[in-house]
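**Student:** Once you have looked at the hints, place chain X on chain Y.
Residue numbers (our numbering), protein chains in the order written: chain Y, 1 to 794; chain X, 1 to 62.
By construction, these hints were calculated from the structure, which means they are not laboratory data.
Be aware that one or more of the hints could be misleading.
Here are the simulated lysine to any residue pairs, SDA-like style, with alpha carbons at most 25 angstroms apart [claimed, not checked]: (1) Y:K717 <-> X:T36; (2) Y:K486 <-> X:T36; (3) Y:K786 <-> Y:L741; (4) Y:K288 <-> X:A38; (5) Y:K92 <-> X:P37; (6) Y:K288 <-> X:A20; (7) Y:K419 <-> Y:M774; (8) Y:K498 <-> Y:R661; (9) Y:K85 <-> Y:N125; (10) Y:K288 <-> X:R28; (11) Y:K92 <-> X:E35; (12) Y:K92 <-> X:H39; (13) Y:K398 <-> Y:T323; (14) Y:K92 <-> X:T36; (15) Y:K734 <-> Y:E630; (16) Y:K486 <-> X:E35; (17) Y:K493 <-> Y:L741; (18) Y:K92 <-> X:L34; (19) Y:K288 <-> X:F31; (20) Y:K84 <-> Y:E393; (21) Y:K288 <-> X:Q30; (22) Y:K288 <-> X:L34; (23) Y:K419 <-> Y:A746; (24) Y:K92 <-> Y:S146; (25) Y:K786 <-> Y:L286; (26) Y:K288 <-> X:T36; (27) Y:K111 <-> X:E35; (28) Y:K111 <-> X:H39; (29) Y:K111 <-> Y:M42; (30) Y:K327 <-> Y:S367; (31) Y:K324 <-> Y:D89; (32) Y:K324 <-> Y:S334; (33) Y:K288 <-> X:I24; (34) Y:K288 <-> X:H39.
Computed footprint of chain X on chain Y, listed as stretches where at least three residues anywhere in the stretch have a Cβ under 8 angstroms from a Cβ of chain X [claimed, not checked]: (35) 116–127; (36) 167–173.
Coverage of chain X stretches by chain Y, computed from C-beta distances (three or more under 8 angstroms per stretch; other residues unrestricted) [as the list claims (entries may be wrong)]: (37) 17–23; (38) 30–41.
Here a beta-carbon is modelled for each residue, glycine too, at the ideal position from N, C-alpha and C.
These are the residues of each chain, in order.
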Amino acid sequence: MNAVQLSISQCRHCGSKLPVSVTTAGGSEFCCSGCEYVFGLMTESGLERFYTIRNDNPPVCPMPVNEPIKNAKFEYCDDPEFLKKTSADGRKVRFYLEGMNCSACVWLLEKLPEYCSDVVSARVNLADSTIEVLRKDNGSFAAIASQLNRFGYRPHPLRDDESSHDLSLREHRHDLIRLGVAGVVTGNIMILSVSIYAGATGALATQFQWLTALLAIPSLVYCAWPFYRSAFKSLQNRRLNLDVPIVVAVFAGVVSSAWALVENSPATYFDSLSMLVFLLLGSRFLLKRIQSRHLQSVNIEDDLLVGSVRRFTNHGIENVSVTKIKKDDLIAISEGQMIPVDGRVESGTGAISCAVMTGESDPVTVSRGSRVEAGSRSVSGEWSIRVQNGPRETRLAKILKDTAVDAHAKTRVVHFADKTAQYFVALVLLTAVSLVLWFLPVHPREGFVRALALVIVTCPCVFGMAIPLSMGFAIRSATRRGIIIKTADAVEKLWNAKNIFFDKTATLTTGELAVVSASYEDVSDLRFALGLEENQSHPVARAITRYLRSLNVQAHPFHDVSMVRTGGVSASHDGYSYKILPLRWNSANSTTTAILSNFGLLKNDEFLATFELADRPRIESREIIDWAREQRLQPQMLSGDREHVVRLCAHVLGFSTSEFRAEMTPESKAEAVRNRASVMIGDGANDAPAFAAADVGIAVRGSLDVSLRAADIYLTKPSLRAIPELFEIAYATKRAIYRNLAFSAAFNIAAGFFAVSGHMTPLCAAILMPLSSMTILVSALLSGRKLVPNEVAR
Amino acid sequence: MNIIYFLLPVALLLGLGFAAVFVIFSWRGQFDDLETPAHRILFDPEINQDVNPPKDLKGNTV
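Isolated chain X (complex conformation):
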């Protein structure tokens, strides 16, 4: 049963960690608009090859 004295603080810390993350991102406005991004994600970007072509490690255009 002694394991509970280890697990309990761990569980509480985990909860605290999530709460902290939630508070930080709430302040940064992550949850200000929950509707529009859901729509925005539906549009495929129209890939424009000239603007930012993918490059390999040496900087050559693939």
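Same shape as in the complex, but just chain Y:
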């Protein structure tokens, strides 16, 4: 047992391979602190069986859980107004969960009632990544949501109304029944038809033909109804869609077959017509299933305007819903809270992170009179603000609103397949009509037969089925890899991308401060630094604490730690005062140090140590940029951060001076990417306008609701390595589609020629058409299978 564990050296929680440095150092069995935390929680709650189930049932999750969001607040889940939107009876809510992948996840999540006392029952739907939770009468959805978050499944409550879930479920059932009926009918018709093809004659053949016609009625009336409706709609809009020739073929087939039936001639086509309907329904059903899973995320309720804040009133402090906040209210802000309004600080001091709005990585100090914008997050301190703009009038709200409009107005690329299909359909119908007219004076029946053969044999199934199917596979294969693609449009636009724009903070960089170097005389002095910073929540303090802990420094206990300025702290001991202060202002003349944030540990006024902090680029960033150059995608960096910080980062990542721009606003980023065959990769609200303006917007982590509204693609894994995978999927899909198009063109030209020249009977056409459709479908399925691996490698 030990030998096995040693040789594999996987993280005990997520099963990902551990870097060599971690394993050789000995001890750690986890890839990150998040995994260690969740593992601890699981064993505490007696849920160790999760790991047995996971390891016994391949495929093992590639990454079963995300790192839980620290300090995530879910109080809004209990807000009555919020519940009105998400739950019909107030007791049942469906959550979309990130990170649900395998049997073990199902097991763990359905055990929810056992370890969460607020839950009566939990039901998982793995295909949709949703869980339906029924709470106890006095239970709290906030508690349930935070329990889910603790295990690393980020919960997103889903809207529950007639228009979404129920309706799509009903539609799904209806489609399934149509398909089933068509299948039964076609199967029985084929049994009868085979005997006719095999040479049955006389009374039996006539009876069989009548029976076939009778059986075909439900298929041609009930099952084919969606085609009639869609063809009718498209004709109403003066367009030709793919259903028009199908409907024409069905009508022509029915008329000529009925005629033949009455005349007692063998030329009836009820078998081929019902087969056509069945095959078309089948491929569309498959396609819808693959696509509908991903549209779910659109129903995610946004959490910006929900939740409650503490408001000061004449009677004290009350909790009110964010939507009720008005101008001139005074509200209290505590640590970790997302600020929902624009306002001015009234009392108290603290620090905020504006990363969402500006991309600036360093926290900013605020004190009385400072202006704070909605979307910033309080990182330390307790303070209050006077509201200037209510939650719906803030700059953030305006950006989001514009984004929604922009994304809506985004010209949908007219798919080249759609366009080609239009011409193709028009050509086929024109040829058929002219055939009928040409033969009308001499041999009306001959013209009609040839036209029917032509319409049946040239069914444009490659457009109607193969292309959407390939797109569906692309989307599905991406989902397996943790990439959510909102629409198939995005895949097509990726083919033509020429420029790739990166946001800096939290996209190319980790978005977190870390100590990059430290200098000190005596290592024992560091214990004062740890003692000062240990219990602070400021990002600087956290970075220094992490660094010192990794050096195994023991903290010196202080009792009177207090905060001074941004990230600065002070305390006293034995008559000395110890301080950690930012040095940026002191050493403004030094160009090298000004780039980074420097902090010094002082004993009275004597330096004991200095720390250099920076937001470091992700390990894979350079690799991704080099990859982009190889692919002839021009990489560029856009950042809202200050010029010198961006310049340094650009230098490290190998961007030339023309390839990065600093100090950009969300609006100027959008202008930079507009109309340039661009892919924008970024996170959060400050990139939302750029996502909407770019041809393809890819959101990295960030908040799901904000990003998904504007972005076309969302990466659920923190690594940028998903981006080359995404492009690979898009290119492979393109190859598969072009191959199918080439085959289909060759087939249709050849078959069309034979039909027009009269060498193909409608019967022959009816046999050939499904054969060619099947070939194309199989080809699409095979290339799709290559994209969607059945087993994820361990």
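**Tutor:** What follows is chain X alone, placed relative to chain Y:
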């Protein structure tokens, strides 16, 4: 050959019966989620003897 006039309706009725069953269960949601139950079946129930002990015909606990 006359047997065919008996077999054919029987075959068609059989088909109709299956179609009817399919339609009924589709409406009841039998095919709404085809993925999760396949996973759910893998977990052995953790048998809790106290909750519902098996009983013989006279109602005595076995």
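**Student:** Given that the stretch 167–173 of chain Y was listed as covered by chain X, double-check it with a C-beta distance under 8 angstroms for 3 or more residues.
**Tutor:** Three-residue rule met by the stretch 167–173 of chain Y, so holds; n is 3.
**Student:** Take a quick look at whether K786 (chain Y) and L286 (chain Y) sit within 25 angstroms of each other, Cα to Cα.
**Tutor:** holds, 18 angstroms
**Student:** Measure nothing beyond the straight line between the CA atoms of K288 (chain Y) and T36 (chain X); if it is 25 angstroms or shorter, mark the hint as holding.
**Tutor:** holds, 19 angstroms
**Student:** Taking 25 angstroms as the top limit, are the C-alpha atoms of K498 (chain Y) and R661 (chain Y) close enough?
**Tutor:** holds, 18 angstroms
**Student:** Given the hint that K327 (chain Y) pairs with S367 (chain Y), test it: the Cα-Cα distance must not exceed 25 angstroms.
**Tutor:** holds, 20 angstroms
**Student:** Tell me if the straight-line CA distance from K288 (chain Y) to I24 (chain X) falls inside 25 angstroms.
**Tutor:** holds, 22 angstroms
**Student:** If you draw a straight line from the CA of K111 (chain Y) to the CA of E35 (chain X), is it 25 angstroms or shorter?
**Tutor:** holds, 18 angstroms
**Student:** Is the straight-line distance between the alpha-carbon of K717 (chain Y) and that of T36 (chain X) 25 angstroms or less?
**Tutor:** holds, 23 angstroms
**Student:** Tell me if the straight-line CA distance from K92 (chain Y) to L34 (chain X) falls inside 25 angstroms.
**Tutor:** Judged against 25 angstroms, a Cα distance of about 22 angstroms means the pair holds.
**Student:** With a cut-off of 25 angstroms on the C-alpha distance, tell me whether K398 (chain Y) and T323 (chain Y) pass.
**Tutor:** holds, 15 angstroms
**Student:** Take a quick look at whether K288 (chain Y) and R28 (chain X) sit within 25 angstroms of each other, Cα to Cα.
**Tutor:** Holds. K288 (chain Y) to R28 (chain X) sits at ~20 angstroms (cutoff 25 angstroms).
**Student:** Taking only the CA atoms, is the gap from K324 (chain Y) to D89 (chain Y) under or equal to 25 angstroms?
**Tutor:** OK: K324 (chain Y) and D89 (chain Y) at ~24 angstroms, within 25 angstroms.
Checked against the numbered hints given earlier, the structure satisfies every one of them.
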